[in-house]
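Chemist: Protein chains in written order, with this note's numbering: chain W, 1 to 273; chain P, 274 to 495.
Think of the hints as simulated: they come from the structure by calculation, not from any bench. Among the clues, some could well be false.
To be verified - Label pairs and their in silico Cβ distance ranges: (1) P:Gln456 <-> W:Lys120: 45 to 55 Å; (2) P:Leu309 <-> W:Pro122: 31 to 41 Å; (3) W:Leu83 <-> P:Val323: 18 to 28 Å; (4) W:Gln182 <-> P:Gln456: 21 to 31 Å; (5) P:Ala427 <-> W:Ala160: 18 to 28 Å; (6) W:Pro122 <-> P:Arg327: 41 to 51 Å; (7) P:Lys465 <-> W:Thr77: 50 to 60 Å; (8) W:Gln119 <-> P:Arg398: 46 to 56 Å; (9) P:Arg327 <-> W:Ala82: 21 to 31 Å; (10) P:Arg327 <-> W:Met76: 26 to 36 Å; (11) W:Pro261 <-> P:Glu358: 22 to 32 Å; (12) P:Arg398 <-> W:Thr263: 18 to 28 Å; (13) P:Arg388 <-> W:Pro122: 27 to 37 Å.
Cβ atoms here follow ideal geometry from the backbone N, Cα and C, with glycine treated the same way.
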Amino acid sequence: MSTPGPERVPSTVKVDKTSGQGKPPASPAKAAGAKAKPGAAKGGTTKPGAAKGSGKGRKPITPVKVNGGRNWGPIMTIGAVALVALFIIGFGTISVIRGSRGWEQKVADIKGVVNYRAQKNPLIDARDHKDGTLTYVTSPPVGGAHNATPQNCNGDVYDAPIANEHAVHSLEHGAVWVTYKQGLAADQVAVLTKKVQGKDYTLMSPYAGLDKNVSVQVWGYQLKVDDVNDPRIDEFIKDTREVAALEPGVSCSGGNTTTGPVTAASTGTGMGN
Amino acid sequence: MTVSTDPEATPDTVASGDDLTPTRGRRSWILVIAALLVGTLLGLGIGLVVPHLRTPGDNSVEAGFLRDMSTHHAQAVEMSMIVHEKSTDPEIVYLASDIALTQHGQIGYMQAWLRDWNLSPSSSRPPMAWMPDGAGAVVNGLMPGMATPAQLAALRQATGKDLDVQYLTLMRQHHLGGIHMAQEAVKLSHNKDVTWLAGTMVTAQQGEITLIDNLLKKLQAS
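Same shape as in the complex, but just chain W (with noise of 0.2 Å):
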């Protein structure tokens, strides 16, 4: 290795030199070596200028036989590797690029996600606590300032209906909130349950004037459908669940465990942030 390393240098050096010194023999090299060109110039120009003038006569002769006889093995072996190297090169980049996809990009491709945070509406990036009863600029709420006390979100069904202020709180906490139309049949209310009971970071209520049977949602994104079992609402839970979160590590324990509309008085038990 020692020996093709350093003559390695000169060599490319020389090419860019002999473009004013050594055209004439570089010449006579393009035209004995047919197809051979810029590469094969560098290999022939080197150092050993006079080799020119004894290659000369047998280039015509030898390139033809000798070439084309015993190079084809390493030329179809590196060949061969070069395919599998690329190929590999292919598969790990997709799979680096694909795997490092951030979760607000795989959440977006889901079809019929609404993308809020895109919107960059104040009103929805508000993140201030207030006190009592607030308006929402989505039904239901994806944003906006809320109640210092958060809803309970580990895993939590309600029954009935909850506060907005509330649950808009943990979805600051990243939690996932699947909503569905107030009445909906019991079987299907039963689907849902199975994707939010026992699991941390979601919650789920029953919505008043829903205009569509199921709107999940976490801070800033919405999707909304009309089959309990459409798939998209499992993608959209797995793809957002606790990462949609604005404070990494923040718990969903310690809410609001109570439904109905927010009261005066609703502190609950504190960990509001």
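Given the coordinates of chain W, assemble chain P onto it according to the supplied hints.
Modeler: For chain P alone, coordinates are given in the frame of chain W:
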């Protein structure tokens, strides 16, 4: 093979070795460069792929354990926070804060590893699917040892000695389920971090069960 011999020969053999040397020299250089390129590409490819082969995948025992144990721990934090706020027994209050802080901290470890491995905290597979016969142990989405919504509601209502006894009983059950899962992870996983954390869970929670039993005895005697 020709690659290694020919380049060395270039300057000298050009003069001495007659017939094919100039062309062979050129060929060799192409081969050397091609080999180097292929080697570099291969190296890049391997470098890209290998780190992903070395971290656990989406359906691995490790990912399943970290996800499920995070959920399992979250309920222990939930119950402990209720009791930490409402109990009047200093020993129970301390135990509750110890469990809540430790398990919430461990959730942080587990979530960070999933993140390191480029895995989502959520799986499309059912809970406990990483354990042989695990899925059968899940009742209404609850893993072994987890309290039911009704039990949690009762705990939120309870006060005084009743609260303490309910908490200790639920937490004892919770630990037993957690220990079982952690033991399985130690057995099934080859990831050093995961087996280490799961191993410490087994030891610590077994110790806490002894403590819980003593506290229960004391409460029942009072």
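Chemist: All hints are to be evaluated individually against the structure, with a verdict given for each.
Modeler: Here is what the structure says about each hint:
1. P:Gln456 <-> W:Lys120: 45 to 55 Å: holds, 49 Å
2. P:Leu309 <-> W:Pro122: 31 to 41 Å: violated, 57 Å
3. W:Leu83 <-> P:Val323: 18 to 28 Å: holds, 20 Å
4. W:Gln182 <-> P:Gln456: 21 to 31 Å: violated, 45 Å
5. P:Ala427 <-> W:Ala160: 18 to 28 Å: holds, 19 Å
6. W:Pro122 <-> P:Arg327: 41 to 51 Å: holds, 45 Å
7. P:Lys465 <-> W:Thr77: 50 to 60 Å: violated, 40 Å
8. W:Gln119 <-> P:Arg398: 46 to 56 Å: Once the Cβ atoms are compared, 34 Å apart, the range 46 to 56 Å for Arg398 (chain P) and Gln119 (chain W) is violated.
9. P:Arg327 <-> W:Ala82: 21 to 31 Å: holds, 25 Å
10. P:Arg327 <-> W:Met76: 26 to 36 Å: The hint (26 to 36 Å, Cβ to Cβ) holds, given that Arg327 (chain P) and Met76 (chain W) are roughly 33 Å apart.
11. W:Pro261 <-> P:Glu358: 22 to 32 Å: With a Cβ separation near 24 Å, Pro261 (chain W) and Glu358 (chain P) satisfy 22 to 32 Å, so the hint holds.
12. P:Arg398 <-> W:Thr263: 18 to 28 Å: violated, 40 Å
13. P:Arg388 <-> W:Pro122: 27 to 37 Å: Given about 30 Å between the Cβ atoms, the range holds.
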